[in-house]
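Chemist: If you read the protein sequences in the order shown, they are chains G, F and E. Our numbering numbers the first residue of the first sequence as 1 and each following residue consecutively. Our numbering numbers the first residue of the second sequence as 296 and each following residue consecutively. Our numbering numbers the first residue of the third sequence as 737 and each following residue consecutively.
Hints listed in this document are in silico derivations from the structure and should not be mistaken for laboratory results. Every residue gets a Cβ at the ideal spot worked out from N, C-alpha and C, and that includes glycine. You may find that some hints are simply not true.
To be verified - Pairs of lysine-lysine residues, derived as DSSO-like cross-links and limited to a Cα-Cα distance of at most 30 Å, are as follows:
id: 1; chain 1: F; residue 1: K594; chain 2: F; residue 2: K493
id: 2; chain 1: E; residue 1: K866; chain 2: G; residue 2: K92
id: 3; chain 1: F; residue 1: K394; chain 2: F; residue 2: K488
id: 4; chain 1: F; residue 1: K443; chain 2: G; residue 2: K119
id: 5; chain 1: F; residue 1: K493; chain 2: E; residue 2: K866
id: 6; chain 1: F; residue 1: K620; chain 2: G; residue 2: K119
id: 7; chain 1: F; residue 1: K686; chain 2: F; residue 2: K341
id: 8; chain 1: F; residue 1: K394; chain 2: F; residue 2: K351
id: 9; chain 1: E; residue 1: K1053; chain 2: G; residue 2: K92
id: 10; chain 1: G; residue 1: K119; chain 2: F; residue 2: K493
id: 11; chain 1: F; residue 1: K512; chain 2: E; residue 2: K1049
id: 12; chain 1: F; residue 1: K592; chain 2: F; residue 2: K708
id: 13; chain 1: E; residue 1: K866; chain 2: F; residue 2: K509
id: 14; chain 1: F; residue 1: K594; chain 2: F; residue 2: K442
id: 15; chain 1: F; residue 1: K421; chain 2: F; residue 2: K665
id: 16; chain 1: G; residue 1: K119; chain 2: F; residue 2: K594
id: 17; chain 1: F; residue 1: K665; chain 2: F; residue 2: K705
Said to hold, decoys possible - Now the stretches of chain F that chain E is said to cover, found in silico as 3 or more residues with beta-carbon under 8 Å:
id: 18; region: 403-413
id: 19; region: 428-438
Below are the chains, spelled out letter by letter.
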Amino acid sequence: MDSMTIMMITQGIHGLAYGMLLFLVASGFTLIFGMMGILNIAHASFFMLAAYVGFQVIQWSGSFWLALIVAPIVITVVGIVMERVMLRRLRKFKLGKAAVLFELMLTVGVMVCIEEAVKNLWGTDPQIVNVPALLGGLLRYQGMQYPIYRMFIIVLSCAILLLLGLVLYKTRLGNFVRAAVQDAEMTGALGVNVPLVFSFVFGLGTWLAGVAGVAAAPMLTVFPGLANQMMLDSFIVVALGGFGSLLGAFVISMLLGELTAFGIQFLPGYSTIILFGFMVLVLTFRPLGLFGERE
Amino acid sequence: MKLVRAICTSLRFLGLVFIVGVGLHASPVFSFTPLQADFSTYEAKKQVFPTGDTIKVGLFEPFSGQSASAGEISYWLLGWVVHDINSQGGILVDGKMKKIQVIKADTATQPVVAKRALQRLILNDKVDLFVGTAGSHIAIIGNQLAKKYKKIFLNYSSYSVHLMDAQNFNKYTFRACSTTDINARALAYYFSKTPIRKFYILCQDYSYGQDFGKSIKRAMDEFVPDADIVGEVYHPLWLKDFAPYLSKVQASGAEMIISSDWPPDSWNLMLAMDQMGMTIPVSGQFFDDPRMSQNLKNKKAGIGNTVVNFHLCNVTNEKNSRFNKIFHDRYQNDPEVQIDWPTGVIGGVIGHFYWLFDVIQRAGTLDPDKIIATWEGDTYETFSGTLSMRKCDHQAVMDMFVSTLVSPSKWSKGGDRLGYQDEAIRIPSSIVMSPCPEGLE
Amino acid sequence: MKRNMRGWLIWIPMIGALAIAPQVLGAFEITIVLGMAIFALFSISLNLLLSFAGLLSFGHAMFFAAGAYGTVFALEYIQGVPLLPAVLIGALSAAFLALALSPLLVRASGHTFAMLTMAFSQIMYAIVMKYSTITGGNDGISGFPIPALGIPGIGDIDMTMERNFYYAAITILGISAWVMWFFTRTPFGSIMISMRDNPERVAYLGFNVSISKAVVLVVSAWFAGVAGSVYALFQNMVSVDGVLGPMSSFTPLINCFIGGLGTFIGPVFGTGIGTMLTELMSAHPEQAQLVFSFVLILLVLFLPGGVMTLYWKVAAKWMVLQNRIQSAFLKGNHG
């Protein structure tokens, strides 16, 4: 293959890898919003926290695979604690319309808290997480070579996507979740324990961010600013894809990943402007997002 | 009679010689000589400085944020020199022996934070002078406040050529390190003697990176007219994912990447190349970092990287060998420090600090105007060569050294890893220095 | 009347303290006070949107930035521009930005408004970075000349003197804060509050909700612009991370919440607490932010009204006490 084709394919896969990671984060973000009406600003911070916890587990045990299992569970626990202890308490205040403000501020507080806690615990230096030995090599095909690890990220995300689909669309629990996303009050009236479903979804969302965090650690270095870009990108995904829409999140994540990769190739510096401009247009003229169904 | 008188005179003369000799000999009691202290007791992280009537030196560096490691390294190196001088009794200034006290100011590599921190350093901590700093956009603040508060500012690690141009020059600021122009000219001159012709410029998207991009293009035009610059890209500071940029480089068919990136970007660039199986060498100032190379998995990664600096540890002369030995003896078995040879930036910065304190010692005062008078036109022997301070723009004049990385190298940990080639190539100051900037004399 | 008196009870000591600050404090402490005053004004302007119009902005920093860049460009490119017009240009550019964006922003509320403002500030960030040859990008623009303040009849006052600049800046900031306070007391201010609580009813009463929202937005942006402009002069520098960085829109929000929503003076207390915390822990800046975030979380959870609630609680107790003393006194008289 000539170098142009190789470049196009490689950039395409780079975009896919980042898009998939982004989807893992944004899907949790959009589920939580769709269901509970909470825009969890701290969501990307869970992603970063997972990367650090993963790094620590690797430091202690030397095993990436253990980190990939343990760190997301730790993050899920943190997430569920946040939901049960903080957000639920806030719901009791009966703040009416102002509730949105307080929920948002609470998540802002958690975001700052996680970022500063990370700086205090691990310092501000970038931490290097090595690619596990099993996935260290390169995939070669007709003069093209591509790191296996990035392929692994894509495969892992696809597997999780499949799992997520199965849980949401093929199980009873999934039915409850989808019903609660549509109309929490009505679902509650039908005898479903909605607070429990809320906790489940919050836990699921943070678990997804956690997996993404550990998977991203060897690809992006682990440092305290890791959450910033991810937060902005998942905002774009959720606003464009539609609040609560998994399909929308998937499509926009892929698009954003590709635009970032090819933007660097062809239009360095403009991709952010294009993306946010597009987000403004969609929010103004189609506040539900491209794939959204309800407010 | 005549004979007696002659004998008397000559005796008197001899006496005078004797007195002068004793005086000269005795003068080291009140002054320091580099590398006299016992460094085995020096621990960078456990430094304690004297307080009270001291020479207060502000260290204006990032201690938080993504470049925090740059600040920690400077603290380590400044501490090395201060440890050396303080253990020799300090410096005689204004008729009194004073020890040196270092006070940190955290820039976080952000202009606004840096400005506040520096104001605190000057107004609140009342430092006598300050030194720094990583990031040319931060150094410019140092320039401005040095001028405003009339404090000496030694710049030893900001290379943007425009920092000392007619607009930004002030008499309180001295730059002891090289510039983007000097580095670029040294590299281009070196490449003109090699067969490499296809270059890719990959720099950080702020003043220093852009300055370096311009410098290297000018230098290439001058020294390597047949060079083919196949591409040029500027990435944000502290980039997370270099992969899309590297695919772009790969598609261009470049033989050599020229990059002004500094840690952590320089590390991440090398790590990403390693992950992607790319072996295109990178040239610049910061691609010899042992902390980066020990994380490379690919055996071929980093080989051919070309490093440019005014100091390298493979410059062979007696002074440098002694320095290398003392440094290596101290750090070869230190688990906390992965840098066991005084590589380009490390050894260079130590040299700059010795120069600063030597100037203060010779000025014999902390009065900024007298320090300026001593420093302007001054010449100082560092470990690798001679530095002299140009009066017109307070820019140090220096010979440069270029070295490629090989593996195994005797200049690596254990002697069997990536490190410098055996001996550096000297490029004289007459080639690398550009004339005084317009508007300054 | 009594209410007004109480208002003055807060204003007068504050003005007094700010007026004598340079006589008592050292050069470095003055910069802290001035920095705090600038961010207090910025927070008040945000609070105008938040507490009085019920709009949560995640991108208020863009107006602060517009003010800062506007003033800096004026000083860089207009030869011999005097100080006050330069500040005015900053404020105007922020107001114009708000006016230009208002057709898109007034339609939104709640989350959508928050995300739209965030998107706009990100676009501004990207533009500033992209056109770094003009804006300075990461490096910023610094060292621009600060013109003297010309007062007719008195002459030129040198603004490079810290103390002079302090008084000029504090006066500008103080007048701005007072104008905003006055604005909330006008009939329009009352409409604004009812608009927040019940937009349908306000529309029914014959007021145009969209236009009213736009007016609030522009006023709020104007004063954020003033704060930004004074900030640029104070720092003698503008850089993208200082005015548009990741936390620059969140910090004033946090100040508002810590101080207390629904009050005018709350953000000032919030800013004061934040600054004090940072200064007290200046040796450990990282931990200061951590403590700050804890304070925010605890406040939202346990004292949603912010620090001002405490003040009210104390004030209410005081009133009760006062009444008791009074009645006791009266009883005594009768006896």
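Chemist: So, for every hint listed, does it hold in this structure?
Modeler: Verification of the supplied hints:
1. F:K594 to F:K493: Distance of about 24 Å is within 30 Å: holds.
2. E:K866 to G:K92: violated, 46 Å
3. F:K394 to F:K488: Between F:K394 and F:K488 the Cα gap is close to 48 Å, so the pair fails against 30 Å, i.e. violated.
4. F:K443 to G:K119: Roughly 34 Å between the alpha carbons, so the hint for F:K443 and G:K119 is violated.
5. F:K493 to E:K866: With Cα atoms ~27 Å apart, F:K493 and E:K866 stay inside 30 Å; holds.
6. F:K620 to G:K119: Between F:K620 and G:K119 the Cα gap is close to 37 Å, so the pair fails against 30 Å, i.e. violated.
7. F:K686 to F:K341: With Cα atoms ~38 Å apart, F:K686 and F:K341 exceed 30 Å; violated.
8. F:K394 to F:K351: Distance of about 9 Å is within 30 Å: holds.
9. E:K1053 to G:K92: holds, 26 Å
10. G:K119 to F:K493: violated, 42 Å
11. F:K512 to E:K1049: With a Cα-Cα distance of about 69 Å, the restraint between F:K512 and E:K1049 is violated, given a limit of 30 Å.
12. F:K592 to F:K708: With a Cα-Cα distance of about 16 Å, the restraint between F:K592 and F:K708 holds, given a limit of 30 Å.
13. E:K866 to F:K509: holds, 18 Å
14. F:K594 to F:K442: violated, 50 Å
15. F:K421 to F:K665: Holds, because 19 Å separates the two Cα atoms, which is no more than 30 Å.
16. G:K119 to F:K594: Given pair G:K119, F:K594 is violated - Cα atoms ~34 Å apart, limit 30 Å.
17. F:K665 to F:K705: Given pair F:K665, F:K705 is violated - Cα atoms ~44 Å apart, limit 30 Å.
18. 403-413: Coverage by chain E holds for the region 403-413 of chain F (5 residues, Cβ < 8 Å).
19. 428-438: holds (count 4)
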